[in-house]
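J.: Work out the full structure: start from the sequences and follow the hints.
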Amino acid sequence: SQKIEQNSEALNIQEGKTATLTCNYTNYSPAYLQWYRQDPGRGPVFLLLIRENEKEKRKERLKVTFDTTLKQSLFHITASQPADSATYLCAPYNQGGKLIFGQGTELSVKP
Amino acid sequence: DGGITQSPKYLFRKEGQNVTLSCEQNLNHDAMYWYRQDPGQGLRLIYYSQIVNDFQKGDIAEGYSVSREKKESFPLTVTSAQKNPTAFYLCASSIASPRGTNTGELFFGEGSRLTVL
Chain A
36 SQKIEQNSEA
46 LNIQEGKTAT
56 LTCNYTNYSP
66 AYLQWYRQDP
76 GRGPVFLLLI
86 RENEKEKRKE
96 RLKVTFDTTL
106 KQSLFHITAS
116 QPADSATYLC
126 APYNQGGKLI
136 FGQGTELSVK
146 P
Chain B
-6 DGGITQSPKY
4 LFRKEGQNVT
14 LSCEQNLNHD
24 AMYWYRQDPG
34 QGLRLIYYSQ
44 IVNDFQKGDI
54 AEGYSVSREK
64 KESFPLTVTS
74 AQKNPTAFYL
84 CASSIASPRG
94 TNTGELFFGE
104 GSRLTVL
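Chains A and B, in that order, are what the protein sequence lines are. So the working numbering is basically just the index in the first sequence, starting at one, shifted up by 35. With the first letter of the second sequence counted as 1, position 4 gets the number -3 in the working numbering; the numbers rise by one all the way through.
Note that these hints are calculated values from the structure, not bench results.
Result set (DSS-like, lysine-lysine): computed pairs, CA atoms no more than 25 Å apart in a straight line:
(1) B:64 with A:133
(2) A:38 with B:50
(3) B:63 with A:133
T.: As structure tokens, this is what we get:
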């Protein structure tokens, strides 16, 4: 069955450093992959979408890569800030299909 | 202000009772979804609807029911048959899928936290 795995342990980094979060998937060939941010007790908010024919996508301090050979997406936050502290969810997707969410990685940025 | 409104935010239920969670959107989206989130787990799909008067079971539909009588509304009923209903419930919507144009971005509500006493 399709499986999505994100870093299960919380990621703690110092302000100003780059945070890198991993999303691995198996038994699946998604055409798209989305990343969401979720704050405690709130609904997820869409951040970025990357397509299978795009190797990299950037938006301000965010960068996402999508390696269909490794079946992996990396999510980077450069110059991280305490306000970036949240849980980040990845969600592979195929056109007309259902989004399947990973369990999320909790990021904590310390001042 | 366009968006998705879920209510109530917190709900307590006694065992054996049915409860209904409300979800309303004014984004003019065709597709709507219900997810359940448990601590340390990803979102799991309960039901989804791509068009009015039609809906499909997701991965964990047992013990739940939905209706889609209006485009803007997709209420979820948690029935007494749901064995472990205590969870955080999230409603979402998206533009439905004209062939090749839907990127699948979901817009989520703020969630409803259900606790069974």
